[in-house]
Amino acid sequence: MTELESGRNHLLIDPSLHVWGWQIALYLFLGGIVAGIMVFTGLRFLGRTPRPPSLAMALIPWFAPLLLSLGMLFLWLDLEHPFNAWRFYMVFQVSSPMSWGAWILLAVYPSSVALAWVSTREALGGPLGPRDGPWSSLWLWLTRRLAGVEGWLRAHLRGLALSNLLLGSALGIYTGILLGTMAARPLWNSPLLGPLFLVSGMSSAAAFMLLYPLSERERVFLGRTDLTLILVEMGLLFLWMVGLASAGAASQSALALVTGGPFTASFWSFVVAVGLVVPLVAEWVELRHGQVPGRSAAVLVLIGGFALRWILVFAGQASGWSSEMALM
Amino acid sequence: MKGPRYAMVVDTRTCVGCAACVIGCKAENDTPDGYSRDWIHSLVAGEFPRLRMTIESRRCNHCEKAPCVSVCPTGASHVGPGGTVQVDPEKCSGCKACIAACPYGARYVDPRSGAVDKCTFCWHRLEAGKTTTSCQEICPTQSIVFGDLNDPESEVSRLLKTRKWYVLQPDAGTAPKHFYLE
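Top line first, the protein sequences correspond to chains A and B.
Here the numbering used here is used: position 121 in the first sequence is 121, and no number is missing along the way.
Here the numbering used here is used: position 155 in the second sequence is 155, and no number is missing along the way.
For the record, the hints were derived by calculation from the structure and aren't laboratory data.
Note that beta-carbon positions come from the ideal geometry of N, C-alpha and C, so glycine has one too.
Careful: at least some of the hints might be erroneous.
Beta-carbon label-pair distances, calculated as ranges [unchecked claim]:
1. G248(A) to T14(B): 30 to 40 Å
2. P152(B) to T259(A): 42 to 52 Å
3. A175(B) to L55(A): 53 to 63 Å
4. V94(A) to P89(B): 16 to 26 Å
5. G3(B) to R154(A): 53 to 63 Å
6. L106(A) to D33(B): 36 to 46 Å
7. D30(B) to V94(A): 33 to 43 Å
8. R154(A) to S113(B): 45 to 55 Å
9. H18(A) to F48(B): 30 to 40 Å
10. E5(A) to D171(B): 17 to 27 Å
On the chain A side, residues computed to face chain B include the following (Cβ under 7 Å) [claimed, not checked]:
11. E5
12. R8
13. H81
14. N84
15. Y89
16. S95
17. W103
18. A318
Here chain A stands alone, though its shape is the one from the complex (with noise of 0.2 Å):
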């Protein structure tokens, strides 16, 4: 018999940890898609042959700006301290990685509204206002210095894609290292947390793309793609789990939790099945048979990374080095 008796009873902390919640998970998700989104349109600039995209793809960059700001408002309310959010702007914190983020976000921002400035203007040319009417003389001056930055912006197009792909694996990637960073905490104490958040944002990025009017190459394209990312995601997570297995007592506790504790029916339902099997298949029968892929593996995608998010938020904080763990 072992009976524990804790005169601790803290909020957010007892029975077990939990100080992160939905914002958390939910910042996650949409800070996936962003990289991805990043990624992918760094990536179409600097092809080599860029044919001209169809106009939804030539406007999906602006939901890397507009989704990573539905994010940071989850953020800033998860904060029990709002108003202090500036502080994270008066230092950088080199062996903190939510200091390294904190300064990436801000990075992102105008680099991916220039690359979303310079797609759209592709895509839709002409003049950028009114000729006349009251306000034309303001216009005039606006457009001018409009298009001297969109003239400086298409002379270094190269550099702002890259910008875009780097800026985005960045993203992706120190979300996953944020967690994984953390000793306390042993199912998230891997170091393929990183490139595992940034694969399965990819992959949920190309499903968001999907949802919308693309072309059917770049519907096949993203479909192609799309498999890819999901068997390399499945071999992350994979070895993610080999890892925690030939760990320590701490490790292989938390493992459990997936593997045969209260997380384990979630995670192979709606990460496994859900979110990688089923679009796998589903996506594969379409490209055998050559057909154009749809939405609906996509939105199984999503829902997939989603759950990843959540799952890894909750469960990893129910992880930990307290002797007590074994016992609850």
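Use these hints to put chain B onto chain A, whose structure you have.
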């Protein structure tokens, strides 16, 4: 490291789990309702009537390699004087990364300020020239000893040299400066 390196030693043989340390801390540091910077942790193991009980007075371990400090994005959690781990509430955004990073559950959000709070080793008392923490002062069995590890003549150094001791979750790699005597 030059200068003092403060640590705490708790004797689990003499501690009776009366929780005077909890009350003393609460009175000294005015922690909010439902929260305390220290707490009693007791484990009973065995089969009746052959039982053994381990009682630990727990708090922040003021780790040498404090994960709460390295994870903090604003510098609010920092290594203070004497190697103690401190929180500057003015800089804290309440992101709670330090709470997730602490393997000991020693931190909480003070609902009055929204900033993270925890044991300071009664730093305000040391600054005022006292040499004891409030939990140490109130302990009726004198099971709590606070002192300087870098001073070979200090009580903590003497106890750690002469008694068998352990720290909590050493494998978490945090190098705690809070010791328990067996």
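Tested hints:
no.	hint	verdict
1	G248(A) to T14(B): 30 to 40 Å	holds, 33 Å
2	P152(B) to T259(A): 42 to 52 Å	holds, 50 Å
3	A175(B) to L55(A): 53 to 63 Å	holds, 59 Å
4	V94(A) to P89(B): 16 to 26 Å	holds, 23 Å
5	G3(B) to R154(A): 53 to 63 Å	holds, 59 Å
6	L106(A) to D33(B): 36 to 46 Å	holds, 38 Å
7	D30(B) to V94(A): 33 to 43 Å	holds, 35 Å
8	R154(A) to S113(B): 45 to 55 Å	holds, 50 Å
9	H18(A) to F48(B): 30 to 40 Å	holds, 34 Å
10	E5(A) to D171(B): 17 to 27 Å	holds, 24 Å
11	E5	holds, 5 Å
12	R8	holds, 4 Å
13	H81	holds, 3 Å
14	N84	holds, 4 Å
15	Y89	violated, 9 Å
16	S95	holds, 4 Å
17	W103	violated, 10 Å
18	A318	violated, 12 Å
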